[in-house]
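Convert by adding 27 to the 1-based position in the sequence shown; the result is the number in my numbering.
Some clues are possibly wrong.
[As the list claims (entries may be wrong)] Computed list of lysine-lysine pairs in DSSO-like fashion (alpha-carbon distance at most 30 Å, straight line):
#1 Lys152 <-> Lys140
#2 Lys124 <-> Lys152
#3 Lys113 <-> Lys190
#4 Lys190 <-> Lys86
#5 Lys53 <-> Lys190
Simulated from the structure, these hints should not be mistaken for lab results.
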Amino acid sequence: MDREQIAVRRMSFLNGSASHQEDILKLLDDLQDLAESAHKVFGRIWGLKEDDFHMLVNKIRASLPDEVRRASRVASDSDRIVSAAKEEADMIVAQAKDEAARIVEEARQMAAKLVDTSEINRLAKAQAQETLSSAEAAARETRRGADEYAREVLAAIENHLAKVMGTLQKGRERLESRINAERYDEPIIPTGRGVRR
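Sequences and hints are given; from them, build the entire structure.
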């Protein structure tokens, strides 16, 4: 990643327009990669010692709020949790549809067996109609139950994601507060080309 890309991502993060799932640890890795790939003269990068730079990055990484680390782990698990829950909901709905189709088919087969002579035929048709109506009602109830369960699963996913987003927001706000507080305490470093903060 070049300097322009890192600068764009840093400004986006500081302005709050970055995704809530922006991985701060990844940004630190990008910053470290930038230092390692930069032009070096006598072990220094733009007047800074490379060892000091890496030590500072590691200190920043160690001082990140626990919420940031937890949010990073939770965010990486979110896709897996959502995918598994959707698969489970789809499987339950499919099973309910199969069961409903089986019940209706059994009722139709039973109705066909009951048809014989005229009187038996009349009684069989009435019983078959009753059986078919009961089977269709049972199928509707099964589908309704499956739909309600799928809705509950999706609502649970939504609540989980809301908690994840809240954790990420808290971590980002704490980090921004720390960055803003440390910006005014930043030491002045002579670079050989003037004074630099």
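Cross-check of the supplied hints:
Distance hint between Lys152 and Lys140 is fulfilled; the C-alpha atoms sit about 10 Å from each other, no more than 30 Å. A distance of roughly 26 Å separates the Cα atoms of Lys124 and Lys152; the hinted pair therefore holds under the 30 Å criterion. Between the alpha carbons of Lys113 and Lys190 the distance comes to roughly 18 Å, so the proposed pair stays at or under 30 Å and holds. A hinted pair counts as satisfied when its Cα atoms are at most 30 Å apart, and Lys190 with Lys86 qualifies at roughly 28 Å.
With a C-alpha separation of about 22 Å, the suggested pair Lys53 and Lys190 falls inside the 30 Å cut-off, and the hint holds.
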